[in-house]
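**Student:** Starting from the structure of chain E, add chain P where the hints point.
Each chain, written out:
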Amino acid sequence: MEDVIRIQNLTKHYGKKRGVEDVSFEVRKGEIFGFIGPNGAGKSTTIRSMLGFIRYDSGSIKILGMDAVKDHENILRDVGYMPSEALFYPAMKVSDVIRYAADARKKDCSKEAEKLCERLQVDTSKKIRELSLGNRKKVSIVCAMQHRPEIFIFDEPTGGLDPLVQNTFFELIKEYVNEGATCILSTHILPEVRKHCDRAAIMRDGHLIKTDTVESLIHSTAKSVKLTADGKTEEYMFSGDINDLIRELSLKHVENICIEDPSLEDMFMHFYEGGKDNK
Amino acid sequence: MSAIIRRELKLNLKSMLIWAFTVGGLGFICILMYTSMEGEVMEMADSFSQMGAFSDAFGMSTLSIATITGFFATEVGTVHGLGSAMFAAFFASSMLSKEEDGHTGEFLFSLPVSRSKVITAKGCAILVHLILFTVICGLFYVMGFAALGEEIPGKEMIRFLACMFLMNTEIATISYLISATSSKTRMGLALGVSLIIYTYDIMGRVIPSMKDYLFIGPFSYVNASEIFAHIDAPKYSFLIASMVILLTISGTFITYTRKDLAS
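Chains E and P, in that order, are what the protein sequence lines are.
Numbering (our numbering) for the first sequence: 1 to 279.
Numbering (our numbering) for the second sequence: 1 to 263.
Chain P extracted, bound-state conformation:
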């Protein structure tokens, strides 16, 4: 099993680094842009916070974007949320199906490893890469704050990244289940699902009648403005996230251990 984990880590390292440097780098640039935009942002902050549902959707009514924390939460929160969700979907959606899609399944499954161990090993590789991705992005954000000489909101930053990691894990497990059910890589489907989930959250924040159901989606507990403003995540959102992770992992094991491998 460790051989599979090592191979997957090595094989996907470059791809993970590209994603992490892209998302983290974008966040870093966003933070640096704060100083050059500080004056204009001050003027815009009031009007942005009074745009009703639109302000709610992007958290601008919760925190002022005139502050570095508010600017970070609004801008980088969106970039990291979307970027990391797409990375998780992209990465996990091909993890199992690529063996059948690339016709390497016969080689892999002729080795003395059960399918359960393959699922576990590849799942571990996904988890490690998600952790590394989150840490690298976090370092970029810390560097951004440090470059501006601003105080780093440590606790909030850790909570923000931890929630993002949980959301990424949730998206990854959904994508992993998609990967287990198909013998072709369904990257488009997985990316589509992550974007639908994101859109659901935006709609939930714009349409008042949907607000009560926000907790179902994983983006409900990663709203950076709420995290930095110390507002609790919607009730049951973490419970739902845990249930989704558990169910999709169980589904992955049940599906993949019973399916006929395509030749």
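Looking at chain E on its own, in the form it has when it is part of the complex:
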């Protein structure tokens, strides 16, 4: 599959503070790509570098074959971005904000906007200042989707959305993706990644520590081990040759053992903690 986003050796520091270091990954056309990591891991820095909000120190970002710095304006024509905060101009009406976003793209998106507002139940007559976080997020979704971009980038999209709207949101993503769009979902809600994403990248302390299919991440060589032996109960992740584990266990008096594929949450913690419980 063709890569629509290719990031190579991206490095960004904020003065002496770390932003991201040597991050490289690709996003393929037509996939939903999860971008996982705790707060401060570097997800937003990577996204903000992609969108030209910040200037990165080194590396390269190609989106739809274009350079993220030189062709920044052209790239944004084909990108729909939903920021995590979803803040707009408080004095503007919802309909004006949606039209403003379309006008800035020099596109008539009225039909698509109408469809999205109907499905997400957006009240376009209200002023932005009257909206709750969830309703502002819905406006943000409309602004990101109405021009039917080739790439969607959502930063923590579901916070504040009720479960019904969350379902509609993911249905919409799947519809656009089925029509050929690509989606990056930056989140720390792991069930969302497990349920909706094809592949995912895990960020930790500004570094990309793993990129793989969600399936492979869960069924990777790391195993979750729950063991009661020699009167003690232990729970840990094991990665490596399974024969080493068996040899190790044979030295103990095992009372009970459960070895299984880890959940995505376990995987995430395993990677996040740098395998400190790893044996």
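Take these hints with a grain of salt, some might be off.
Unchecked claim - Simulated restraints on C-beta separations:
1. Gln121/E <-> Gly102/P: 24 to 34 Å
2. Gly188/P <-> Lys126/E: 57 to 67 Å
3. Lys174/E <-> Gly188/P: 44 to 54 Å
4. Glu114/E <-> Gly102/P: 20 to 30 Å
5. Leu148/P <-> Lys126/E: 27 to 37 Å
6. Ser125/E <-> Lys117/P: 29 to 39 Å
7. Ser2/P <-> Gln121/E: 51 to 61 Å
8. Arg258/P <-> Arg129/E: 29 to 39 Å
9. Ser58/E <-> Lys10/P: 34 to 44 Å
Unchecked claim - Keeping only pairs whose Cα atoms sit at most 30 Å apart, straight-line, the calculated DSSO-like set for lysine-lysine is:
10. Lys155/P <-> Lys93/E
11. Lys70/E <-> Lys184/P
12. Lys115/E <-> Lys126/E
13. Lys184/P <-> Lys126/E
14. Lys62/E <-> Lys17/E
15. Lys98/P <-> Lys117/P
16. Lys106/E <-> Lys62/E
17. Lys127/E <-> Lys14/P
18. Lys62/E <-> Lys117/P
19. Lys259/P <-> Lys107/E
20. Lys184/P <-> Lys16/E
21. Lys16/E <-> Lys98/P
22. Lys10/P <-> Lys111/E
23. Lys98/P <-> Lys106/E
24. Lys10/P <-> Lys127/E
25. Lys70/E <-> Lys98/P
26. Lys117/P <-> Lys14/P
27. Lys259/P <-> Lys16/E
28. Lys93/E <-> Lys117/P
29. Lys126/E <-> Lys98/P
30. Lys184/P <-> Lys127/E
31. Lys98/P <-> Lys107/E
32. Lys14/P <-> Lys98/P
33. Lys17/E <-> Lys98/P
34. Lys107/E <-> Lys10/P
35. Lys70/E <-> Lys117/P
Just so you know, these hints were derived from the structure itself, not from any lab.
Every residue gets a Cβ at the ideal spot worked out from N, C-alpha and C, and that includes glycine.
**Tutor:** Only chain P this time, still in chain E's reference frame:
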């Protein structure tokens, strides 16, 4: 880009109208006060014109405040000069920084517009509002003269308003640069800068040794008494104004296109 210009014009229209009606309205009232004060002003005119540096500072040694033109230049000239400078500073100082301050930058910059276009569009909106502000104030002053049945000094009035507009543009570009460098709205700083510039001009007119350096400040070429008395603005003052405008606009582009946007 036109979408941004339209939005900024609409968003700031009410604020601009409030400023224009306040400054223009004050000027209008000042002009109307001339008739009620005419007799007293006649008596005061001589003593006001002989107050040395103080008279020079407020232009009362150049034109007699006993005439409607002199009264307008002295009173309304000061009100409009200060009021319009503060409006320009207030308006331009938040134009770029408000996007980061209000966390709307991510929305704006996710639209396919370059930062240069955002600077240009918002700059155009400032310029249009400054023009509208000047025109509205000018209409108030013309109405004031008409209400008193006085002849309107057309050429001088146009020159006065044009110079004021240039001064406002200069202050606005300085404030715009302040706005570009900060992720917080620095309205206080911009207003402070405009007041310092005004004070510099007053000091320059009071302290003889500073007179030669008056041309540096934008208030040097907007002294209404000198404009209405057909006295040329200090040499190089327009050149300096043009240079300041050019440099601050360049600085705004250089700064804003290179900075990291605050989240």
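**Student:** Work down the list of hints and note, for each, if the structure agrees.
**Tutor:** Hint check results:
1. Gln121/E <-> Gly102/P: 24 to 34 Å: holds, 26 Å
2. Gly188/P <-> Lys126/E: 57 to 67 Å: violated, 33 Å
3. Lys174/E <-> Gly188/P: 44 to 54 Å: Since the Cβ atoms of Lys174/E and Gly188/P sit about 50 Å apart, the hinted range of 44 to 54 Å holds.
4. Glu114/E <-> Gly102/P: 20 to 30 Å: holds, 28 Å
5. Leu148/P <-> Lys126/E: 27 to 37 Å: Check failed, 49 Å falls outside 27 to 37 Å.
6. Ser125/E <-> Lys117/P: 29 to 39 Å: holds, 30 Å
7. Ser2/P <-> Gln121/E: 51 to 61 Å: violated, 31 Å
8. Arg258/P <-> Arg129/E: 29 to 39 Å: Since Arg258/P and Arg129/E have Cβ atoms about 33 Å apart, the given range 29 to 39 Å holds.
9. Ser58/E <-> Lys10/P: 34 to 44 Å: holds, 42 Å
10. Lys155/P <-> Lys93/E: violated, 44 Å
11. Lys70/E <-> Lys184/P: holds, 28 Å
12. Lys115/E <-> Lys126/E: holds, 18 Å
13. Lys184/P <-> Lys126/E: holds, 28 Å
14. Lys62/E <-> Lys17/E: holds, 25 Å
15. Lys98/P <-> Lys117/P: holds, 17 Å
16. Lys106/E <-> Lys62/E: holds, 24 Å
17. Lys127/E <-> Lys14/P: holds, 17 Å
18. Lys62/E <-> Lys117/P: holds, 23 Å
19. Lys259/P <-> Lys107/E: holds, 29 Å
20. Lys184/P <-> Lys16/E: Since the Cα atoms of Lys184/P and Lys16/E sit roughly 22 Å apart, the hinted pair holds (cutoff 30 Å).
21. Lys16/E <-> Lys98/P: Holds, at about 27 Å.
22. Lys10/P <-> Lys111/E: holds, 25 Å
23. Lys98/P <-> Lys106/E: Given that 30 Å is the threshold and the Cα spacing comes to 24 Å, the pair holds.
24. Lys10/P <-> Lys127/E: Given pair Lys10/P, Lys127/E holds - Cα atoms ~15 Å apart, limit 30 Å.
25. Lys70/E <-> Lys98/P: holds, 26 Å
26. Lys117/P <-> Lys14/P: holds, 24 Å
27. Lys259/P <-> Lys16/E: holds, 17 Å
28. Lys93/E <-> Lys117/P: With Cα atoms ~24 Å apart, Lys93/E and Lys117/P stay inside 30 Å; holds.
29. Lys126/E <-> Lys98/P: Holds, at roughly 22 Å.
30. Lys184/P <-> Lys127/E: At roughly 24 Å apart (the allowed maximum being 30 Å), Lys127/E and Lys184/P satisfy the hint.
31. Lys98/P <-> Lys107/E: Between Lys98/P and Lys107/E the Cα gap is close to 26 Å, so the pair holds against 30 Å.
32. Lys14/P <-> Lys98/P: Within the cut-off at roughly 17 Å; holds.
33. Lys17/E <-> Lys98/P: Since the Cα atoms of Lys17/E and Lys98/P sit roughly 26 Å apart, the hinted pair holds (cutoff 30 Å).
34. Lys107/E <-> Lys10/P: Holds - the C-alpha atoms of Lys10/P and Lys107/E are around 21 Å apart, at most 30 Å.
35. Lys70/E <-> Lys117/P: Holds. Lys70/E to Lys117/P sits at ~15 Å (cutoff 30 Å).
Hints 2, 5, 7, 10 from the list above are not met by this structure, while the remaining hints are.
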